[in-house]
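Protein chains in written order, with numbering that gives the first Met the number 0: chain A, 0 to 469; chain B, 0 to 519.
No lab work stands behind these hints, which were simulated from the structure alone.
A quick note: this is a predicted structure, and the numbers were derived from the prediction, not measured.
For every residue, glycine included, the Cβ atom is placed at its ideal position computed from N, Cα and C.
A portion of the hints provided could be inaccurate.
Here are the simulated DSS-like cross-link-like pairs (lysine-lysine), alpha carbons at most 25 Å apart as the crow flies [as the list claims (entries may be wrong)]:
hint : chain 1 : residue 1 : chain 2 : residue 2
1    : B       : K163      : A       : K67
2    : A       : K67       : A       : K227
3    : B       : K26       : A       : K336
4    : B       : K16       : A       : K277
5    : B       : K78       : B       : K9
So these bits of chain B aren't anywhere near chain A, every CB distance computed over 12 Å [as the list claims (entries may be wrong)]:
hint : residue
6    : M0
7    : M51
8    : E74
9    : G179
10   : V187
11   : M335
12   : L383
13   : E449
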Amino acid sequence: MTLSRDLINGPVKVVNVGLESFAHDLTSLGVANIHVEWRPPANGDPHLVRLLALIEENIDVINTANQKAINRLLEAQPKLIDIKLAGEVIPGFERNMILHSGPPITWSKMCGPMRGAVIGALIYEGLADNAEQAEKLAASGEIKFAPCHEYSAVGPMSGIISASMPVFVVENETAGNRAYSNFNEGLGKVLRFGANSPEIIERLRWIRDVLAPALRNAILACGGVDLKTLTAKALQMGDECHNRNLAATSLLTRTLMPALVKTCPPNKLEEVASFLAKNDHFYLNISMAACKAILDAAHGIPGSTLVTAMARNGVEFGIRVSGLGNEWFTAPAPYVKGLYFPGYNDEDANPDLGDSAITETCGLGGFAMAAAPAIVQFVGGTPQDALNYTLEMYNITLTSNPAYTIPNLGFRPTPTGIDVLKVVETGINPIINTGIAHREAGVGQIGAGLVRAPMECFVAALHRLAETIS
Amino acid sequence: MVIRWLIKPKMYQDSVKLMKLSAELRKQDGVKQASVIMATEMNKSTLQDIGMLVPEVAAANADDLAIIVAVDTEEQAQKAVELAEKLLNRAEVQQGETKQQFPKTLRSAVEALPGANLALISVPGTYAAAEALKALNLGLNVHLFSDNVTLEDEVRLKQIGTKKGLLVMGPDCGTAIIDGVPLAFANVVARGKIGIVGASGTGIQEATVLIERLGGGISHAIGTGGRDLLDEVGGQMMLLGIDLLEDDPATEVILLISKPAGPRTANKILDRVKQCKKPVVVNLLKGDLNAIQSAGVVGAATIEDAAYKAVALANGEEAVAMPENYWGDYSKQIAMLESQLGPNQRYIRGLFTGGTLADEAMVILSDIVGDIFSNIPLKPELKLPSARKSHKHTIVDLGDDEFTRGRPHPMIDPLPRNERLMQEYADPEVGVILCDVVTGYGSHADPAGELARAVARARDAYPSNNPAVIAFVCGTEADPQPLSEQVKVLEKEGIFVLPSNAEAARAAGRIIKLHESRRV
Chain A
0 MTLSRDLING
10 PVKVVNVGLE
20 SFAHDLTSLG
30 VANIHVEWRP
40 PANGDPHLVR
50 LLALIEENID
60 VINTANQKAI
70 NRLLEAQPKL
80 IDIKLAGEVI
90 PGFERNMILH
100 SGPPITWSKM
110 CGPMRGAVIG
120 ALIYEGLADN
130 AEQAEKLAAS
140 GEIKFAPCHE
150 YSAVGPMSGI
160 ISASMPVFVV
170 ENETAGNRAY
180 SNFNEGLGKV
190 LRFGANSPEI
200 IERLRWIRDV
210 LAPALRNAIL
220 ACGGVDLKTL
230 TAKALQMGDE
240 CHNRNLAATS
250 LLTRTLMPAL
260 VKTCPPNKLE
270 EVASFLAKND
280 HFYLNISMAA
290 CKAILDAAHG
300 IPGSTLVTAM
310 ARNGVEFGIR
320 VSGLGNEWFT
330 APAPYVKGLY
340 FPGYNDEDAN
350 PDLGDSAITE
360 TCGLGGFAMA
370 AAPAIVQFVG
380 GTPQDALNYT
390 LEMYNITLTS
400 NPAYTIPNLG
410 FRPTPTGIDV
420 LKVVETGINP
430 IINTGIAHRE
440 AGVGQIGAGL
450 VRAPMECFVA
460 ALHRLAETIS
Chain B
0 MVIRWLIKPK
10 MYQDSVKLMK
20 LSAELRKQDG
30 VKQASVIMAT
40 EMNKSTLQDI
50 GMLVPEVAAA
60 NADDLAIIVA
70 VDTEEQAQKA
80 VELAEKLLNR
90 AEVQQGETKQ
100 QFPKTLRSAV
110 EALPGANLAL
120 ISVPGTYAAA
130 EALKALNLGL
140 NVHLFSDNVT
150 LEDEVRLKQI
160 GTKKGLLVMG
170 PDCGTAIIDG
180 VPLAFANVVA
190 RGKIGIVGAS
200 GTGIQEATVL
210 IERLGGGISH
220 AIGTGGRDLL
230 DEVGGQMMLL
240 GIDLLEDDPA
250 TEVILLISKP
260 AGPRTANKIL
270 DRVKQCKKPV
280 VVNLLKGDLN
290 AIQSAGVVGA
300 ATIEDAAYKA
310 VALANGEEAV
320 AMPENYWGDY
330 SKQIAMLESQ
340 LGPNQRYIRG
350 LFTGGTLADE
360 AMVILSDIVG
370 DIFSNIPLKP
380 ELKLPSARKS
390 HKHTIVDLGD
400 DEFTRGRPHP
410 MIDPLPRNER
420 LMQEYADPEV
430 GVILCDVVTG
440 YGSHADPAGE
450 LARAVARARD
460 AYPSNNPAVI
470 AFVCGTEADP
480 QPLSEQVKVL
490 EKEGIFVLPS
500 NAEAARAAGR
510 IIKLHESRRV
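Extracted from the complex, chain A is given alone in its bound form:
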């Protein structure tokens, strides 16, 4: 009974839930208080309210599990340590395997950009000579499709990774786990948006044969790149490390350049340097791998309600939850609200696509929007809207990450670690900054904007949590 005793020894500090006038009275008396902008939980859905109440009975178990997950998340130290071919380095990778973004999907159900990218990857691998052959092969059942996420990997947009594509190797030095991601090819007509023409394949080969070895040597020569520090610096410089990676890419280039100058064949140096200089998003894939390495360390803790992945395959949006193993909880992928490049509009857009929402899952991207006022105009917003998005997200996260702070919020740590329970309770869908892909293969990116993760995924996960916990 120490707790009620503490109360009567004062000072009283009140959380007010309900009538706002009670909070005003306390404020007028100079009593510390905070008013909750309360709404009926789960938008008043009686069934969900019951489920939440049921789970609340076991909250001690959940809190303990979540604390463990949070510790692993916050203690993670992602470091870029190497570049290798996917088939050599990703555990369990098979020659005839193609990894894709989002939850599991079959060839017949894939959206246009993903199909286009699969075709490109099969040609790149030399398994097909042309698109027609590639399609036939993809449909034959000989190719094994699997989500990147199930192989410790992530890829933006279609997220296609095949055996001889080079991947970044990011190691979480704390837990020792590794995560992988493919290379960012730049903007425009690129494989991740489903483009697969000969020049695309040519660029992929150049990445494999020239860029990857050069960067690899530089990374090894530097003894790796500490991604936690680099990401933290980029946040201070106006990136949120999902839709804006300008600062991070510049920092990475600057970090690697002295080594690169020494290790890169002189006749290739200009090519490599120009490629980095022209691609503002080069860091995106590395940022994603870092987030994946962090979140995988927090995955698989029984009872934990932490979301460890949000990913989309262009047809479905799926999430994974730490305490629920490798099960996906899915809903139809929503359309992105945003701005289009010249010549495109809503009708051209594919539903939301890619593993890049791993950044939001880790407290970056839309969750760190306050750090990147330059990109809020994507939603017709103002810098204040950017602050509001981040502030809203604190309501659905388990913690905030002291490693990543936001200057505009007085260096407040970013909201980190989405909690299934909080999402359902508040009815606040996680916000995601993302690109918009054309629904047809190969056209490429046609815009960018914001999307909210669908509530159905979280509700489905809540049902399963209720089964497993109570």
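Given the coordinates of chain A, work out where chain B should sit on it, guided by the hints.
Same frame as chain A, but now just chain B:
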């Protein structure tokens, strides 16, 4: 179709701003396509793809800005390009909405207020138990103001609270004062040596106010909710409250206020009180005073008497009953008011906003004038068939569920009492109208003014009826509605204002008694 363009050399603009601007242009009449871009190689290839790459733009440099529109007519083209220039030059003064960000859940609130130790919950009953459970799980004591929480939920919450060593005040707990902080409906009273645990809201308010008026002060007032002493709940919070006050160095005397307890629970409480190291005064309204006193505990029949005894004990004196005429001799005013009554004006009508105050008035009045009908009667046979219609001597609790369903409590919104007052005033058999005026935090900003105006309207409407209107103010000088001002407003309207609920009830009874004796 017309394609028009304009190149602005060496004018860098952020690509997102340009995309937004392009989107605005595309909304204009006749505009088929519009692009405002930096003339980079990539942007030029996109223009090429949509057939809008004119040679001049193709020749532009990456640091040149290009406006390109495809429209139906020359005139529209002119307009579109002009608009683009205007938008480019527009200073971005547009301000986002700076809304104050309140946390949306108890959990986020606790993160935002480190050291929070109490949740004051007043959400609708269906959700209240779940919020209270969250609060307990977050290690917060709970003041559950909400009503309509099931008894089952109350029992469970209090079991959890007891296990965790946290207070669960309520459900339906109107009042508490913790470490000098008034919570929900509460008066601002002096700090002092008397600690209260009470199962009634206005009962606690009246006790704290009277203790202050009698020269004492309050250490804490812990509300338990009206059902705490039912055997189902077992007085869990009353027992925890006694434990807390017994160990609290600031508390020297403990005052328990409650409606009648379940038999098992009453015994449990009395046993506990007998063990208590500090003196305890017990006021069980409508309860059996003899049982309390035979248990060797200081009992009190009314809240007023309990306050008097508690103050005496706090002063180190003996707890004797409050003397008659303690507040003064009101015989003159009583005689004067009685003299204005017509021969048929024989009934008392009490219109109360506080349930416990109504109870106390009934306990006092039934000793003086006999049976009192009510919506919350002392005996079942005295229940009004319709709460909205008085019968003989009647006291109604206007704060009862029947009146408050779907509308604010009459302590906040006086309209129901104003209407009822008119109804009673119109009745030629009514001799006394008795009202409470409850001030303090949570209450209406000017309850006395509301009552005075309602009385004035009734007098205008029924000038030939002249019942005595009697009131008292449950409030203190430090309340947001200062006591002296509230009293002044009532007296100005010719309302007879007495210092306590009990005294007001006695005065009402004496007027009717006197009138009866003179009629005979």
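Hints versus structure:
1. B/K163 / A/K67: 23 Å, holds
2. A/K67 / A/K227: With Cα atoms ~20 Å apart, A/K67 and A/K227 stay inside 25 Å; holds.
3. B/K26 / A/K336: 16 Å, holds
4. B/K16 / A/K277: 20 Å, holds
5. B/K78 / B/K9: 23 Å, holds
6. M0: Holds: least Cβ distance 14 Å, greater than 12 Å.
7. M51: Label violated. Min Cβ-Cβ 7 Å, cutoff 12 Å.
8. E74: Correct as stated: the minimum Cβ-Cβ distance to chain A is 22 Å, above 12 Å.
9. G179: 7 Å, violated
10. V187: 8 Å, violated
11. M335: 40 Å, holds
12. L383: 30 Å, holds
13. E449: B/E449 clear of chain A: closest Cβ-Cβ about 17 Å, beyond 12 Å.
In this structure, the hints that do not hold are numbers 7, 9, 10, in rising order.
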